Amino acid sequence: MKAWLFPTMRGYRRSWLRGDVLAGLATGTVVIPQAMAYATIAGMPAHVGLYTCLLPMAAYALLGGAHALSVSTTSTISVLVASSLAGLSERDPDELMRAAFTLTFLVGVFLLVMRLARLGALVESISPATLTGIRLGVGLTVVASQLPALLGLPADPDAEGFFAELVAVARDLPELSAVTAVVGVSAIVILLVLRRLAPGVPGPLVVAAGIVLVATGIGALAGGLTQSLPPAGGFSQSAVNLRSGARTQLSGLVTVGLALLVALALAPLLADLPQTILAAMVLVAVAGLLDPRELATYAAVDRTELWVALAVAAVGLTGGMLLGVAVGVCLTLLLVIRAVNQPRVRRLESPSAHDEVLPLVLTGDLYTGNAQATYDAALGLMQASTARTVTLDTSALTRVTVPLLNTLRSLREDLAAEGTELVLLDVPDDVLAILRRAPWFVEAEQGGFVG
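Residue numbers 40 to 490, in this note's numbering, belong to the letters of the sequence shown in order.
Since the hints were made in silico from the structure, they are not lab data. Source: prediction; values computed, not measured. Incorrect hints may have been included.
Label-pair ranges, simulated between beta-carbon atoms [what the hints assert, rightly or not]:
#1 Pro213 - Asn380: 13 to 21 Å
#2 Asn380 - Gly296: 37 to 45 Å
#3 Leu329 - Ile376: 26 to 34 Å
#4 Tyr406 - Val224: 21 to 29 Å
#5 Arg49 - Trp479: 30 to 38 Å
#6 Leu205 - Val228: 18 to 26 Å
#7 Gly487 - Gln411: 43 to 51 Å
#8 Ala220 - Ala338: 33 to 41 Å
#9 Ser216 - Gln381: 34 to 42 Å
#10 Arg52 - Leu329: 46 to 54 Å
The beta carbon of each residue, even a glycine, is placed where N, CA and C say it ideally should be.
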């Protein structure tokens, strides 16, 4: 077996087989109906979501390195696809589908380019608050988009965005179909009860079984097996896979086999899936995105993070999720810049008015962004003290920069003008060797600058 093929199955043990097979089947009962429902969010037929459980999932099973990651489509991906194709909504359905599949192909190209350029770490730098805001915005957007189907209301093609869709639903409420609404709400209740009391029972398949009381047996699968939405690893489906005992990506191949059987056996039914049942599946699936406990944690720990999450969600709901993601990334960068620009100096102890020595410590390296803030903070501490000698512990320094040199020189000269001496303590040997390359530092060292 080549090194790049089936990386999760190296050293496979026979005892893992049962767990992988059961996990693949259990995950399939959740992922397959869920993926078909998510396809409707993107404006695609349900069978397009089913295709995402075939070749994309198989490709990851062959090449992916995460043992229990389940890859199909997700609610976030579906919302982003819908946002990207919003301008094409009035075009021919076939052209819309071709655009969606082209988008899927381009996503793959960009992911490969990012992998080759080793840019994957950029995602890890996005703050949790930003991700919470994105999840909140996606969750509410999905809820609003599914209300017409859930309540049996006509969809308004001109209603774009969370608030526009809510207004359209409120306006059309007199046309509500009582039977459809009862079926949809009942499906939600059944799904929630099964999830709570019998998590091992495939709830989506239970509520979807009703499509046989309404199916006409008309229609067939459209397109080829490559026609799918952009794939991504889903948290909820991966959790099901892991809890069911998955040890390798063999479980993913089992799910692919189950999806293929569904495609072959239920093709005539897919065209007539009740929209209210699909809407119920979607709403229950995205319920995990709307977790108020995350916002409560931010409020209790860091209100700045709370406002970031709310801002990202608000932008996503009003301007679209693509704009929300962009704003979230920008806010993340601002938070990172704010964090690294904090002063890197503090006082070791609180000296009394009679203390003659003020002990300070540098807590990290200095660069252009935090050098001035560190200088101001250190000078403020020194000026607030009556000490005639200031010691600066530099043991935390790992590298020498020009801003560090300039800060040390300015502090020394400003204090000397006031009759106060600055002494550096515990300077690392490698740092000291580089500091000595500056002529002024060598002269200052000879005058007792380094203790």
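For each hint, the structure was consulted:
no., hint, result
1, Pro213 - Asn380: 13 to 21 Å, "56 Å, violated"
2, Asn380 - Gly296: 37 to 45 Å, "53 Å, violated"
3, Leu329 - Ile376: 26 to 34 Å, "30 Å, holds"
4, Tyr406 - Val224: 21 to 29 Å, "57 Å, violated"
5, Arg49 - Trp479: 30 to 38 Å, "59 Å, violated"
6, Leu205 - Val228: 18 to 26 Å, "23 Å, holds"
7, Gly487 - Gln411: 43 to 51 Å, "27 Å, violated"
8, Ala220 - Ala338: 33 to 41 Å, "35 Å, holds"
9, Ser216 - Gln381: 34 to 42 Å, "58 Å, violated"
10, Arg52 - Leu329: 46 to 54 Å, "40 Å, violated"
The structure fails to meet hints 1, 2, 4, 5, 7, 9, 10 from the earlier list, while all remaining hints are met.
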